[in-house]
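Q: Residue numbers (the working numbering), protein chains in the order written: chain A, 18 to 140; chain B, 24 to 236.
Hint data in this document are derived by calculation from the structure and do not stem from the laboratory. Heads up, a few of these hints could be off.
Covered stretches of chain B, as calculated for chain A (at least 3 residues, CB under 8 Å) [said to hold, decoys possible]:
1) 69-83
2) 110-124
3) 182-194
4) 198-204
Which chain B residues stay away from chain A? Per the calculated CB distances, all over 12 Å, these [claimed, not checked]:
5) V25
6) V38
7) T42
8) S53
9) F137
10) H208
11) S213
Values in this document were obtained by computation on a predicted structure and should not be read as measured data. The beta-carbon is built from N, C-alpha and C at its ideal position, and this holds for glycine as well.
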Amino acid sequence: MASNPYFSLTVLFVAAMGFGLAPLALAWMWGKAFSPPKPNAVKNAIYECGLVSKGDAWMQFRSAYYLYAIIFLIFDVEAVFLLPFAVAFTGLGVAACLAMLVFVLMLIEGLAWAWAKGVLTWI
Amino acid sequence: MVEEGLKIELGKQGVFVTTIEELYNWGRRSSIWPMQFGLACCAIEMIATTMARYDMARFGAEVFRPSPRQADLMIISGTVTKKMAPQVVRLYNQMAEPKYVIAMGACAISGGPFKQGYNVLKGIDRYIPVDVHIPGCPPRPEALLQAFMTLQKKIDAQPLTGEGRPRFLDAKAQGEFPVPEFGEHDLEPSSNMGVWPVPVVISTGTKGPGTRD
Numbered sequence: 018m019a020s021n022p023y024f025s026l027t028v029l030f031v032a033a034m035g036f037g038l039a040p041l042a043l044a045w046m047w048g049k050a051f052s053p054p055k056p057n058a059v060k061n062a063i064y065e066c067g068l069v070s071k072g073d074a075w076m077q078f079r080s081a082y083y084l085y086a087i088i089f090l091i092f093d094v095e096a097v098f099l100l101p102f103a104v105a106f107t108g109l110g111v112a113a114c115l116a117m118l119v120f121v122l123m124l125i126e127g128l129a130w131a132w133a134k135g136v137l138t139w140i
Numbered sequence: 024m025v026e027e028g029l030k031i032e033l034g035k036q037g038v039f040v041t042t043i044e045e046l047y048n049w050g051r052r053s054s055i056w057p058m059q060f061g062l063a064c065c066a067i068e069m070i071a072t073t074m075a076r077y078d079m080a081r082f083g084a085e086v087f088r089p090s091p092r093q094a095d096l097m098i099i100s101g102t103v104t105k106k107m108a109p110q111v112v113r114l115y116n117q118m119a120e121p122k123y124v125i126a127m128g129a130c131a132i133s134g135g136p137f138k139q140g141y142n143v144l145k146g147i148d149r150y151i152p153v154d155v156h157i158p159g160c161p162p163r164p165e166a167l168l169q170a171f172m173t174l175q176k177k178i179d180a181q182p183l184t185g186e187g188r189p190r191f192l193d194a195k196a197q198g199e200f201p202v203p204e205f206g207e208h209d210l211e212p213s214s215n216m217g218v219w220p221v222p223v224v225i226s227t228g229t230k231g232p233g234t235r236d
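Looking at chain A on its own, in the form it has when it is part of the complex (with noise of 0.2 Å):
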């Protein structure tokens, strides 16, 4: 076992999980020992700006918001392939200028299918 090349490495992360493990353990039994839990409801509510929380968490949201930030995603990244089409524009040959508009076509097509579906209108 000693032989192993791997058992100094074993020993080392068995000391420092000691070295971790240990002041934790020994704050824990001072705890225990010295100072008795006084838990209540007050104390133990969820809630801590001193206010009681009203209501259930688990409520519904409006997804308008979503679908908002997802075409503003779509355009943010558009943007990012432009400026470097609009900065080498001069140099660039048909077939590029081509994929270029496929591309913004495909997402102008994504906006106007969002526009008819009402997305764009805040409610």
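Dock chain B against the given chain A, drawing on the hints supplied.
A: Positioned in the frame of chain A, the structure of chain B alone reads:
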């Protein structure tokens, strides 16, 4: 308990003697973390105390915690209105033991200039046990530091065992302080029994100058 004279003698010989109680209290008094909340104008003085000129960090108390779970000290820094009192008491309840309270300024002690108003609590010690009161309107940062040192002295003198041991070491001692609720005319209850005994009004029949109905 080690005698003070013996301790000094041993110290001269290079032997350091202490007790667990002293070490424990030294650790506690050197790392009192106040809760980060201000109620009124006194809070500005409290903020000034933590800044470089007055430097509360000298006492290990610059770590203002935004959560009651991590705080040891509640500085009632200003006027406690009756609308705010339930929140203050609830936050005090949510602090972990051991916990201490400094009532800062005339309002926190007694209602101060607003004592005769309908909406101001006449002293936070009606609901929670206060360790140090500081008078002043508002007290200067030096006064808050003085209160802080007074609290440190108080912590230093707390025994771990026996009759005089503090609340958090006594399993039977009171742990919950009832949170008042808004009643029809006043907070209900208007004071917590055991924390603040209601003074008995003694009527002498004659009204001196300055007495009110």
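Q: Could you run down the list of hints and mark each one as holding or not?
A: Do the hints match the structure? See the list:
Under the rule that three or more residues need a Cβ within less than 8 Å of chain A, the assignment of the region 69-83 of chain B is violated, with 0 such residues. Restraint check on the region 110-124 of chain B versus chain A: 8 residues with Cβ-Cβ distances below 8 Å, three needed, restraint holds. Three residues within the 8 Å Cβ limit are the bar, and the region 182-194 of chain B against chain A gives 5, so the coverage statement holds. With a cut-off of 8 Å between beta carbons, the region 198-204 of chain B has 3 residues touching chain A; three or more are needed, and the interface restraint holds.
With a cut of 12 Å on Cβ distances, V25 of chain B stays outside the contact zone with chain A, its closest approach being about 20 Å. Non-interface call for V38 of chain B relative to chain A: holds, since the shortest CB-CB distance, roughly 25 Å, exceeds 12 Å. Taking the minimum C-beta to C-beta distance to chain A, about 14 Å, the non-interface status of T42 of chain B holds against the 12 Å cut. Every Cβ of chain A is farther than 12 Å from the Cβ of S53 of chain B; the closest lies at roughly 17 Å, confirming the non-interface assignment.
Remark: the non-interface label on F137 of chain B is consistent with the geometry, its nearest Cβ contact in chain A lying 21 Å away (cut-off 12 Å). At roughly 22 Å from the closest C-beta of chain A, the C-beta of H208 of chain B stays outside 12 Å, upholding its exclusion from the interface. The claim that S213 of chain B is not at the interface with chain A holds, since no C-beta of that chain comes within 12 Å of its own (minimum 19 Å).
Against the hints set out earlier in the document, a violation occurs for number 1 only.
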